[in-house]
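Okay, here's what each chain looks like letter by letter:
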Amino acid sequence: MTERTFPVVKDAAVAKDDGSAVLGATLTSCSQPGEPSPLVLTTKLDNLINWFRGNSIWYLLFATACCGIELMQTGGPRTDLDRFGAVFRASPRQSDLLIVAGTITYKMADRVRLLYSQLAEPKYVLAMGSCANCGGLFQGSYSVVPGVDSIVPVDIYLPGCPPRPEALNEAILRLQDKMRGERWFHRIKG
Amino acid sequence: MEFRDIQERVHTGLGGSFEVQDEIHDPAIIVPKEQLRAVCGFLRDDESLRMGTLRIITGIDRPAKKDSTESGSIEVVYHLCSYVHGHTVVIKTLLDREAPKVDSVQDIWPTANWHERETYDLLGVEFEGHPDLRRIMLPKDWVGHPLRKDYEPPKEYHGIPTTREAVLQAPRVEKVSPAQHEPKSDEPPERFIQLNMGPHHPATHGVLNFLLETDGEILRRVKPDVGYLHRGMEKLAERISYPGTMPFTDRIDYLGAMFTNHGWAMACEKLFGVEVPRRADFCRVIASELNRLASHLIATGCLPMEVGAFTPFIHWLREREIINDIMEMICGARLTYNYMRIGGVSRDIDQATIDKILGWLDNFEPTIDEFNRLISGNEIFVKRLANMAVIPAEVAVGYSLLGPNLRASGVDWDVRKNEPYSVYGELEFDVVTGQGWRGSIGDSYDRYFCRILEMKESVKIIRQACDLMPEGPIIAPKVPKKPAANEVYARTEGPRGEAGFYVVSDGSDKPYRARYRMGSFTAMSVIEAVTPGLMLADLVALIGSLDTIAPEVDR
Ligand code: SF4
Chain A
1 MTERTFPVVK DAAVAKDDGS AVLGATLTSC SQPGEPSPLV LTTKLDNLIN
51 WFRGNSIWYL LFATACCGIE LMQTGGPRTD LDRFGAVFRA SPRQSDLLIV
101 AGTITYKMAD RVRLLYSQLA EPKYVLAMGS CANCGGLFQG SYSVVPGVDS
151 IVPVDIYLPG CPPRPEALNE AILRLQDKMR GERWFHRIKG
Chain B
1 MEFRDIQERV HTGLGGSFEV QDEIHDPAII VPKEQLRAVC GFLRDDESLR
51 MGTLRIITGI DRPAKKDSTE SGSIEVVYHL CSYVHGHTVV IKTLLDREAP
101 KVDSVQDIWP TANWHERETY DLLGVEFEGH PDLRRIMLPK DWVGHPLRKD
151 YEPPKEYHGI PTTREAVLQA PRVEKVSPAQ HEPKSDEPPE RFIQLNMGPH
201 HPATHGVLNF LLETDGEILR RVKPDVGYLH RGMEKLAERI SYPGTMPFTD
251 RIDYLGAMFT NHGWAMACEK LFGVEVPRRA DFCRVIASEL NRLASHLIAT
301 GCLPMEVGAF TPFIHWLRER EIINDIMEMI CGARLTYNYM RIGGVSRDID
351 QATIDKILGW LDNFEPTIDE FNRLISGNEI FVKRLANMAV IPAEVAVGYS
401 LLGPNLRASG VDWDVRKNEP YSVYGELEFD VVTGQGWRGS IGDSYDRYFC
451 RILEMKESVK IIRQACDLMP EGPIIAPKVP KKPAANEVYA RTEGPRGEAG
501 FYVVSDGSDK PYRARYRMGS FTAMSVIEAV TPGLMLADLV ALIGSLDTIA
551 PEVDR
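Protein chains in written order, with this note's numbering: chain A, 1 to 190; chain B, 1 to 555.
To be clear, the hints were calculated from the coordinates, so they are not data collected in a lab.
None of the values given here were measured: they were computed from a predicted structure.
Computed cross-link-like contacts, DSBU-like style, restricted to lysine-lysine with a CA-CA straight-line distance of at most 30 Å:
#: 1; chain 1: A; residue 1: K123; chain 2: B; residue 2: K175
#: 2; chain 1: B; residue 1: K92; chain 2: B; residue 2: K417
#: 3; chain 1: B; residue 1: K140; chain 2: B; residue 2: K92
#: 4; chain 1: B; residue 1: K175; chain 2: A; residue 2: K178
Some chain B residues flagged as far from chain A (calculated, every beta-carbon gap over 10 Å):
#: 5; residue: S68
#: 6; residue: E98
#: 7; residue: H130
#: 8; residue: L211
#: 9; residue: G377
Note that the Cβ used here is the ideal one computed from N, Cα and C, for glycine as well.
Generate coordinates for the entire structure from the input sequences, incorporating the hints supplied.
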């Protein structure tokens, strides 16, 4: 009768000299110590973190104008942002991404600053629609901020008036790409 | 009554004779400012006039002509209407431009309160006797009044440059330091709690702020603070041509863009004297009613979501995607349609589209009943809404509520029926009024259920219009570039009520003044009157049942 075996994870993370980290999950069994099982996953710690982050982009429900309707529609059944792990949160404390969907007026500007500063780090801003990009149709108006990048740093500019849900999907994918390129372990090590 | 009879009645009733401006489309009585209150009171109370509703107050800046010795003036225009007799009248008063002051009429029509604040904010007219004359749209430290013709916008505001060029030259923003916010009310809080709800709040339908004063869970006072989406559309219209303003009207009411398009087109057609081909009118009606469905889907879907039921909303989003597809076939856009042109529409509705519409309607109609089974009869949902925030008919008329909000209070008034425009006069449909289905007439449930039933009426209208649509051209052959100097008021019945467009032309190719009247503005102003005594959570349901959207409030 063969003994029951339990996989054991060894060497969960090893820091390497070049500043990166290798995460190895070597599955071994108790009965044959030292001999690796066929199932081995190795990855860089950064990649793992970014994989987690990229697939759980929680965005703040911040719709000011027309673009907000398309944002809503993107979360709806057809385009379904949830597929990418992106769900909306009502509180900035729980979100990573500020989607500025719509026109920002001077009266609103300070609130945008406040919301941005309440997001948890690391945080990203997606300017959705021409209004958020540059003031759009209302650039010449006396009360509209000519682009939200004059108040908060913007990572992704998404053109359109309003952008289609497919375009917003694409923007989220681009943001995932951007996230994948970031290095965290290096920073933690100092 | 016709204008002449109204004028007669005012003259005999008040024993005087007022000047009349009758060369314009909707003639106006010019009242000296000392007599304004007397005339307004008479117009409201006289049995044969009964002007119970103030539609809008408009300020028009008329600076002195160059090389003229006269000082300029500011016109304040009041559009009144009577639901009882179904007639309308315009009265005007002229003020000195340097120190414009006039008596407030907010105790005659409560809705005047906000209109006067807006006129004060944007034109600097002082309304004497107004209890709360503050800026409404712009921040309180703003300088100047933008709708004055000689207004110069600032170079920067709170460190934000006001031109795109300046933003591009500035370095990328890295540090963000928001200002500290203090409680806003000046009175010391005693046993009452003061809360800020908004301007970013998931349940406020866009950017709206409410200053709440609560006694535990009970609301003592709710002050809506609007203007967070004030985009200055009325000023923009003065700089852009008549056809060029059409895409801007999409953004006034992004859920009912067809109606604002239609209203603007109708106002311009009156000005230019253009006839719309019959087929174009049918195209307009079909597109508009589809748009009403799309808007009511959001309204009736969001309300359950706000009281805690998420599923119905997703069902309606699914249906709305199909309307969006149809709209794309009709005009190429999903949300901001820009479909109408002065004198017609931009594209024809072809047979393939009609087939798609009719096919979808066959599917959609049973879905309404399914939706009712899903949520409209749900015990918790009904209990949350029935008998909550009842708006009696007098209040609804005094605050000039519009559309389903007005009809839910039992007032049978629908522009499509009472002042038929386009081809609505030939189509058969019923006007839905509140019946107190689950509680009393005018409660939140009535407002919700009116919308559900209106969807069925829209389905009827679309079917008939598809049936009756004749062949022919879709746009008038020739539209002049410039209208004659005139003033017109055009209205359509949008999903949030009458969308009114008051356009003043001076004979050039741009409007001299454009003024938009929208349903959400007045719906927002009634909140202060009906909330005392409600629970805090009821406020969210009330906003949902009024179906207000921010750009309509702020424009
Ligand atoms: S970009 Fe266009 S659709 Fe979006 S908020 Fe601005 S005007 Fe509306």
